[in-house]
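Peer 1: Chains as they are written, first to last, in my numbering: chain C, 2 to 211; chain U, 70 to 125; chain D, -19 to 199; chain E, 167 to 411.
Some hints could be false.
Cut-off 27 Å, straight-line C-alpha distance, at most; resulting in silico cross-link-like pairs (DSS-like, lysine-lysine) [as the list claims (entries may be wrong)]:
no. : chain 1 : residue 1 : chain 2 : residue 2
1   : E       : Lys283    : U       : Lys109
2   : C       : Lys165    : C       : Lys199
3   : E       : Lys179    : E       : Lys402
4   : E       : Lys283    : U       : Lys106
5   : C       : Lys179    : C       : Lys165
6   : E       : Lys179    : D       : Lys195
7   : E       : Lys254    : E       : Lys402
8   : C       : Lys14     : E       : Lys283
9   : C       : Lys199    : C       : Lys14
10  : U       : Lys108    : E       : Lys402
11  : U       : Lys106    : E       : Lys179
Simulated from the structure, these hints should not be mistaken for lab results. Only a predicted model underlies this, so the values are computations on that prediction, with no experimental measurement involved.
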Amino acid sequence: MLDTHKLILQVNKLGVRRSERWLFRNLDLKLSSGEIYQVVGQNGAGKTSLLRCLCGLLPEQEGDIAWQQDDEMPIIPLFYGHLPAVKPELTVLENLLYHPINGNFYNGDVIEAALHEVGLGAYFDSEARHLSAGQARRVALARLLIADSKCWILDEPFTALDVKGCTWLEGIISSYVKRGGSVLLTSHQPVSLDVELKVLEIVEDMNSHV
Amino acid sequence: MTFQEFLHMGGHGFYVWSSYGIALVIFVGLYLSTRLKNKKLVEQLQRRYRQEQREQ
Amino acid sequence: MFKRLLKRELLRQWRSRQDVTNPLIFFLITVSLFPLAVTPDGELLASISGGIIWVSALLAAMLSLESMYRDDYRDGTLELLLLQSGSPYLVVVAKIISHWVTTGIPLVVISPVLAIMMHLPTHAMTALLSSLIIGTAILSLIGSVGMGLTVGLRQGGVLLSLLVLPLFIPVLIFGASAVTAAGMGLEYSGQLAYLGAYLAGSIALVPLASVAAIKISIH
Amino acid sequence: MTWQWFNRLTSPKSYFDITDWLLPPMLIISVILMMVGTYLGLYDSPIDYQQGNTVRIMYIHVPTATASMFGYVVMAIAAAVGYIWRIKMAHMAALSIAPVGAAMTFLALVTGAIWGKPTWGTWWVWDARLTTELILFFLYVGFMALHSAFEDRELGDRAAGVLAMVGVVNVPIIHYSVYWWNTLHQKSSISVAGKASMPVEMLTPLLLMMFAIILFCTAISMYRIRNEILDRERDKNWIKERLSA
């Protein structure tokens, strides 16, 4: 599905500032397909800011981020943030039908398969406001299965998931990486994957310790 | 033109002088507010730097 | 892509129908306040009715601007839309059109009823409708920029009107005068032409400004 | 060479060094000019055949109105430069000009109203110029309100920058639509003495006051930029040396 070892993302000398305080500077990163990085650092070190910055949600203050071209369209990473991005007044099915992923929309059967896989098959026509926090996150996780994004950026994907859910998600991530996907994730809990997990530590000045 | 007439301004003295008065208040106010802010900032920063010296 | 985005917006507005009808009721109440406050007699009302209907329509449409981005911002879908749709401008345009259709058009539809209540001469009705249609569209456009700037703020509502109303004054001037001119039997196509020009200008500039504004508030 | 000059201007440290010696003379000159202008305007210039002495209010009203309009445009340009090229100094400049511009607009409105009382008999006349000033005042207040609504100053800069850019596009539109609206309802016939048709004894104090007031506003804004730099770059060591010296 995805050819392996093709450069996905090139970041050099990236610096992100949070109102006059530099979270980190001179960050370099080369992410190619089939690679997975866990971003570590103490709380407030700027893990989430880094992920949001890579997605273009946060204007980078220094350095540049270059997403490679994939058939002359820049790669759009699938961002899974703190908010599950689920509209309470729409039903679960509508939530996935009417929200674009990776630049286009998907039709019913792909979505139904993903919902079944995520264990929400029975809820597809109930309004999202009735869902629990964990179920809402599962709807967001279903998006990972639906789209064939080249890169996943997951910010604390394991929160609000029970043990079974965590092992399930670890399996999904491992198979995605094996198929050549690239992942950047942060997690407080330990992550056990059967693929090689590289670590990217965020400190004040990145080139001091690399 | 005696000073009295100058003040009286042909009946319009009140209007002319009030507008010049308000103008003066605003110009002086602008200047003072900037100076005061500067003084406050400088003092605050100096206190902070002394604090930092003490800690080192 | 755009069709589905527009469908999403309309579906979302349809699901929360309640806050589509609120601006209409507000519009009705505000207009009927003026005869109580000023004078019930037809003469005076007729001459000021154009302006009153226009101002009330403007305020009513302002009320519902909040629904454009705020709840999408709160539950994270605004981020997803901007990122995953490939082009944030389409998202903004879809939201503006859906806001115009769900609040602007209903205001225009019930404005003749109010015009009769305000003794607006009947031959001025077409002027009222045509100027309001363009006016509400322009308000959705300018409102989208103001909303983009204040979506991340807690007390954004009041600030929103402070930002949007001054920018809307030229449209109000020409819109209201189109109706009063028509009321007096004068030619009002000049005013409409101006409104059209303003609309065209804001269609060109607003998506750019709104996306920039949202990107700031999303941070 | 110009790029290097531009760099020197946009670095807060060199801005501080330049304004150290530039600001005091600017301020003093503008105050002296204002005094001379007031003396000429109040004492030495002729009275208007229709309005008598109230025309002397023009020497405050017209320059402050021009300063407010000029201030908004400069503020918008600074905000645009700050937003597009992400130059913090430009954002600080825009933020410093706003209150000065708002004060000038307020002063223009007040003197305009006071001038209206004897000439048109009421405190507030919906004259085209006054109405544009009023709307300009709303734009200034909107700019400052939006900026202070953001806790993170940098976001406030960028948001207010977008607003200023949108606002400056609208200023000419507002200007002409208010003038058109005014001619539509034109009742009062006395038009304020246009600049060109004024006798030279009136023109000199007016131009003098205009230059003095704009110079004063620029000096105050530049002074406020210094405050802004102190406030925002507080932990830079060049400030530590400068302050502890």
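Peer 1: Now, for every hint given, state plainly whether the structure supports it.
Peer 2: Hints, verified against the model:
no.: 1; hint: Lys283(E) / Lys109(U); verdict: violated, 41 Å
no.: 2; hint: Lys165(C) / Lys199(C); verdict: holds, 24 Å
no.: 3; hint: Lys179(E) / Lys402(E); verdict: holds, 10 Å
no.: 4; hint: Lys283(E) / Lys106(U); verdict: violated, 36 Å
no.: 5; hint: Lys179(C) / Lys165(C); verdict: holds, 21 Å
no.: 6; hint: Lys179(E) / Lys195(D); verdict: violated, 31 Å
no.: 7; hint: Lys254(E) / Lys402(E); verdict: holds, 15 Å
no.: 8; hint: Lys14(C) / Lys283(E); verdict: violated, 64 Å
no.: 9; hint: Lys199(C) / Lys14(C); verdict: holds, 19 Å
no.: 10; hint: Lys108(U) / Lys402(E); verdict: holds, 18 Å
no.: 11; hint: Lys106(U) / Lys179(E); verdict: holds, 19 Å
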